[in-house]
Structure formats: structure tokens, C-alpha cells
Amino acid sequence: MNATREAPPALNRELLERTLLRIGDHPEDWNQQTWATDDPSELPPGNECGTAFCMAGHAVLEAGGTIVWPDNAWRRTATRCNMPGRARYTPIVQAAREVLGLTQDEAAELFAPCIYSYDELADLVHAVIRGEFR
Numbered sequence: 001m002n003a004t005r006e007a008p009p010a011l012n013r014e015l016l017e018r019t020l021l022r023i024g025d026h027p028e029d030w031n032q033q034t035w036a037t038d039d040p041s042e043l044p045p046g047n048e049c050g051t052a053f054c055m056a057g058h059a060v061l062e063a064g065g066t067i068v069w070p071d072n073a074w075r076r077t078a079t080r081c082n083m084p085g086r087a088r089y090t091p092i093v094q095a096a097r098e099v100l101g102l103t104q105d106e107a108a109e110l111f112a113p114c115i116y117s118y119d120e121l122a123d124l125v126h127a128v129i130r131g132e133f134r
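The working numbering numbers the first residue of the sequence shown as 1 and each following residue consecutively.
Be aware that one or more of the hints could be misleading.
Pairwise CB distance ranges, derived in the manner of DEER restraints [unchecked claim]: (1) GLY24 <-> GLY64: 13 to 21 Å; (2) PRO70 <-> GLU28: 34 to 42 Å; (3) ASP71 <-> ASP123: 33 to 41 Å; (4) GLU28 <-> GLU6: 32 to 40 Å; (5) GLU17 <-> PRO45: 40 to 48 Å; (6) ARG134 <-> SER41: 33 to 41 Å; (7) ASP39 <-> ILE129: 31 to 39 Å; (8) ALA112 <-> ARG13: 16 to 24 Å; (9) ASP71 <-> CYS49: 30 to 38 Å; (10) ASP119 <-> ALA87: 30 to 38 Å; (11) LEU15 <-> ASP119: 34 to 42 Å; (12) ALA112 <-> GLY46: 18 to 26 Å; (13) VAL68 <-> SER41: 18 to 26 Å.
Rather than coming from a laboratory, the hints here were simulated on the basis of the structure.
Cβ coordinates follow ideal geometry from the N, Cα and C atoms, glycine included.
Hey, can you work out the whole structure from these sequences and the hints?
Have a look at this one:
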């Protein structure tokens, strides 16, 4: 029996580019090591707003979503969000993957915590746009 392969989602190139520009315009609000944080020890130098987000977190915000911060004071990292027209308390990684139209492989590349520079992130975004991971 042949398994049918599911077609990849439609890539949202515009949102991908806007998210990259958002990070480029405000690198002090980007921390690829965490979905979303307000922990002062995890904020990049020059951060004045008190929060930082990885590529997935920035995509959620750029798409009109809101981060759901934990109610407890000891945990300062958020992993969930609310998106317009979607279920509440969606994992940030799932929401970002859906709004960007990424495959699992593309999301794994773009949301990896081992991206340490904007140039490296930009190279990966452009590789995704070129279809190198599809």
C-alpha cells in the first residue's frame, strides 16, 4: 500500500520577510534561545522594552498574536500565545509554523536555538524562501 504524502503548506513569504525585517530593525528584542522572555538575565544588550522573542515569537507578534505570559512569578518564559481566529493558548512554535506556512523541517531550521547572528538567520530565511528545505 502506498502512503500518500501530504502537500506542504503554502509558504507565507510576505510574513516571513516582515518578521525578518522586524528582527533586523530591533535586534535588541531578539533572543533565539527562548520563545518569549521577560527575564532580565536573558534580555539582549540595549533591550528597553523588557521582553525578547525568538523568530517564532516575532512571527506570532507580526501576525497579530499575543503572548500568554505565565501567571507565576518564578517562570518568566512564555511558551503559548493567542492568535486571531484560532484556539487560545496555542504553543508559540505551532502558531508560528502555521502562520508562516512552514514545513516541519523549515520550522526546525528557523526556530533552532543555535542561530547566533542576524546574518545567519537571514541566510536561513532566504533558503526557506528559495525552497531549499521542501
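Here is what the structure says about each hint:
1. For the pair GLY24 and GLY64, the supplied restraint of 13 to 21 Å holds, since their beta-carbon distance comes to about 20 Å.
2. A hinted range of 34 to 42 Å is violated for the C-beta pair PRO70 and GLU28, which are about 23 Å apart.
3. Separated by about 38 Å at the C-beta atoms, ASP71 and ASP123 satisfy the suggested range of 33 to 41 Å.
4. In this structure the supplied range 32 to 40 Å holds for GLU28 paired with GLU6, their Cβ-Cβ distance being about 39 Å.
5. The supplied range of 40 to 48 Å is broken by GLU17 and PRO45, whose beta-carbon atoms lie about 26 Å from each other.
6. At roughly 38 Å, the beta-carbon separation of ARG134 and SER41 lies within the given 33 to 41 Å, and the hint holds.
7. For ASP39 and ILE129, the Cβ-Cβ distance of about 32 Å falls inside the hinted range of 31 to 39 Å, so the restraint holds.
8. Restraint check, ALA112 to ARG13: a C-beta distance of roughly 20 Å satisfies the suggested window 16 to 24 Å.
9. Here the CB-CB span from ASP71 to CYS49 is close to 21 Å, at odds with the stated 30 to 38 Å.
10. A C-beta distance of roughly 35 Å is found between ASP119 and ALA87, which places it inside the suggested range of 30 to 38 Å.
11. As the Cβ distance of LEU15 to ASP119 is approximately 21 Å, the hint placing it in 34 to 42 Å is violated.
12. Taking 18 to 26 Å as the suggested C-beta distance range, the pair ALA112 and GLY46 conforms, at roughly 23 Å.
13. Here the CB-CB span from VAL68 to SER41 is close to 21 Å, well matched to the stated 18 to 26 Å.
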